[in-house]
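Please model the entire structure based on the sequences and the hints provided.
So the protein lines, in turn, are chains A and B. Under my numbering, read the first sequence as residues 47 to 428, first letter to last. Under my numbering, read the second sequence as residues 47 to 428, first letter to last.
Not the full set, but computed from the structure, chain A residues with beta-carbon under 10 angstroms of chain B:
#: 1; residue: 142
#: 2; residue: 158
#: 3; residue: 196
#: 4; residue: 229
#: 5; residue: 233
Computed footprint of chain B on chain A, listed as stretches where at least three residues anywhere in the stretch have a Cβ under 8 angstroms from a Cβ of chain B:
#: 6; region: 150-156
#: 7; region: 200-210
#: 8; region: 220-228
#: 9; region: 400-412
Please keep in mind that the hints were generated in silico from the structure rather than gathered at the bench. In this text the structure is predicted, and so the values were computed from the model without any measurement. Idealized CB from N, CA, C, for every residue including glycine.
Protein chains: 2
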Amino acid sequence: MIKTRNLKERPLESFDDAERKLRQIFVKLVEDLNASKPPVLRIPLRTASNTIFDKKRGIITLGGRVGERKFNDISGVRSFMQTCLLARAIYEALKNNDHPTIRDLYYYTLHTIEGTEIETFNDQDESNSIFQDIEVMTGLLREQMGIVAESRGAMVGNIILESKGNRIDCTKFGIGAFNIPSLCDQIRILDVDADYVLVVEKDAIFQRLNDYEFWRKNKCILITGKGQADRATRRMVKRLNEEWDLPVYVLTDADPFGWYIYSTYRAGSISLSYESFRLACPEAKFLGMTMTDIEKYEIPRDHLIKANEIDIKRAKELLVKDPVTKSPRYPWFYESKKWRQEINMFLEKKVKAEIEAKSSKGFRFLSDVYLPDKINSKDWIT
Amino acid sequence: MIKTRNLKERPLESFDDAERKLRQIFVKLVEDLNASKPPVLRIPLRTASNTIFDKKRGIITLGGRVGERKFNDISGVRSFMQTCLLARAIYEALKNNDHPTIRDLYYYTLHTIEGTEIETFNDQDESNSIFQDIEVMTGLLREQMGIVAESRGAMVGNIILESKGNRIDCTKFGIGAFNIPSLCDQIRILDVDADYVLVVEKDAIFQRLNDYEFWRKNKCILITGKGQADRATRRMVKRLNEEWDLPVYVLTDADPFGWYIYSTYRAGSISLSYESFRLACPEAKFLGMTMTDIEKYEIPRDHLIKANEIDIKRAKELLVKDPVTKSPRYPWFYESKKWRQEINMFLEKKVKAEIEAKSSKGFRFLSDVYLPDKINSKDWIT
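This is the structure:
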């Protein structure tokens with residue numbers, strides 16, 4: 047049923063790169079020591095002030111400022127030691143083809159330093175922060191180093207995958223779906239025969255659309271991150287957009303939480319801006335439900351929910367400028383006329399609506415009318 | 047690779063039963079009306095005082111007390127109307143082969159009653175409660191009526207499923223997994239070649255065990271509910287135990303939250319006791335991590351986490367007796383010598399431990415030593 051297109055198939059990412067990069071950094075340290083130079087690690091700063099919006103790429107990312115971590119410096123020696131310790135553990139795991147979590151790495155490296163009463167790490171927060179330093183220092187995200195994180199997403203539709211020699215046809219799951227794993231770059235996308243990717247906020251909506259075989263009738267791929275998206279779901283969406291040129295549409299409730307979920311798919315999160323280059327999908331379009339939909343599809347007044355204070359606070363934040371830099375905090379909202387209209391309409395009406403509100407028009411209204419309508423008429427927000 | 051056993055294959059559940067049962071109840075109402083009898087709905091009480099522990103079956107369940115909902119009664123007429131309205135919507139969905147969520151049902155039935163300013167429901171809580179009444183009244187859980195809920199679980203290992211004519215071999219997902227859908231009774235279990243089911247609390251641990259092909263080496267089925275278990279994961283575990291006689295082992299962190307997760311698989315939740323007959327698996331065994339494991343496997347002191355007040359409060363609750371009935375609130379903990387020891391050891395030491403703490407002995411210690419060790423020596427708690 048699926049035509050072979052095979053245009054964008056790319057080789058699987060290998061962990062050899064990560065192994066080599068890690069090795070290089072630490073070989074350099076040893077060379078410096080041998081040459082009696084004080085060893086220094088150079089680590090891009092992950093601070094808010096070093097976080098910028100890259101207009102050309104449409105994503106938030108780290109700026110050019112770099113910090114130094116010195117062994118010969120009393121204030122830096124502890125984090126220097128921690129960085130080396132953790133990097134060694136990651137390197138060992140790579141060598142042995144192990145895929146631990148950052149929590150495994152913490153326990154693996156945690157111990158009392160010989161001859162002292164000092165612990166290598168005080169807690170997991172400390173170890174996590176050092177781990178992120180290693181990510182920005184090497185330019186490798188955790189998944190590229192084979193580190194596993196929790197994942198939540200599911201996928202179904204006209205796509206064929208391959209993992210460990212198994213061919214996985216995502217049209218063959220019946221009412222089930224493919225559970226997207228953390229290291230989803232280790233999955234080959236063999237073939238795709240779809241016109242677009244529909245990302246659904248809510249798992250139950252995903253299941254209902256799958257039940258109706260929406261993906262078959264509309265030649266698409268259905269994905270859900272089951273609420274706020276996990277890293278693997280975001281990465282899979284990004285890959286489908288980047289490697290297979292598929293448009294990405296995001297379907298959420300009509301409320302600031304839904305917009306925030308869209309925002310994470312679209313541009314990444316501010317606190318983890320260094321990940322955007324692999325996880326954010328600036329071409330993702332917000333399909334709905336929109337404030338205009340409420341009128342257009344005549345959602346009854348009693349089907350709307352009164353916005354609460356948190357909703358209103360969140361909505362206002364999306365249009366705020368940073369007091370220091372004077373630039374908008376969420377430029378992809380602020381600089382879009384349609385988004386400003388949407389958010390202002392919400393702030394004026396102070397109501398929100400759930401996707402399920404469309405069921406007032408019948409259980410199949412969403413799948414048979416609303417979604418095809420919106421997509422065919424290109425009625426989305428970017 | 048998988049031997050055909052096919053001993054326990056049972057026919058798929060049909061929604062016809064649900065349709066018939068719903069119809070019966072409302073045909074009876076019409077008959078009563080025609081015979082000039084006041085129409086009455088009889089609904090088992092979902093109150094705490096009508097919740098009992100069925101020792102023989104080892105699950106919590108509803109007692110025998112039943113409430114009446116009368117049309118000819120000013121205090122009952124609103125909920126009578128709501129029950130009929132919602133039941134009709136469920137019946138319609140069944141007739142049309144639609145599988146809405148309870149939220150869809152709410153929006154579908156929500157409207158202003160003609161000629162009044164009265165809403166059919168004030169909010170979703172009101173509608174959800176009436177929905178639960180329909181579940182206990184018919185003796186059918188929402189899934190048996192084709193109502194979809196969010197699901198979270200994943201499964202992998204020596205099991206072959208069938209859904210909508212597709213054969214789904216759970217050994218063929220590579221690093222991915224099968225995403226368990228809400229209506230998992232609509233999935234046929236074609237074949238199983240496994241000695242047990244291992245239920246893993248944490249998704250990342252599940253992924254790591256899958257990466258090592260633990261299920262292949264140990265001839266088992268791996269399942270995760272990604273934290274507190276959703277209904278579908280619990281139902282799938284129950285089915286594997288009931289239909290295929292597989293022992294079920296649960297692996298969580300060594301802390302009261304982990305015990306609570308086990309407890310939900312084991313006996314169900316108190317507030318939804320009427321569901322236990324389909325969702326609780328009284329034969330589920332708690333594999334670990336236990337307090338004794340901490341000593342046995344020499345988990346270093348600095349790898350333990352100090353219990354906080356909430357942990358201690360939770361642990362104490364597990365051994366409490368109900369002040370009114372004088373019977374233990376969690377009999378499966380209270381009446382088990384091993385469980386009492388475990389909980390008391392926790393209350394004495396006031397420490398907890400994460401599964402990942404075992405990584406201090408190497409990243410493969412959990413999969414290659416701990417799990418096979420515990421299972422082979424039958425070192426579990428029931």
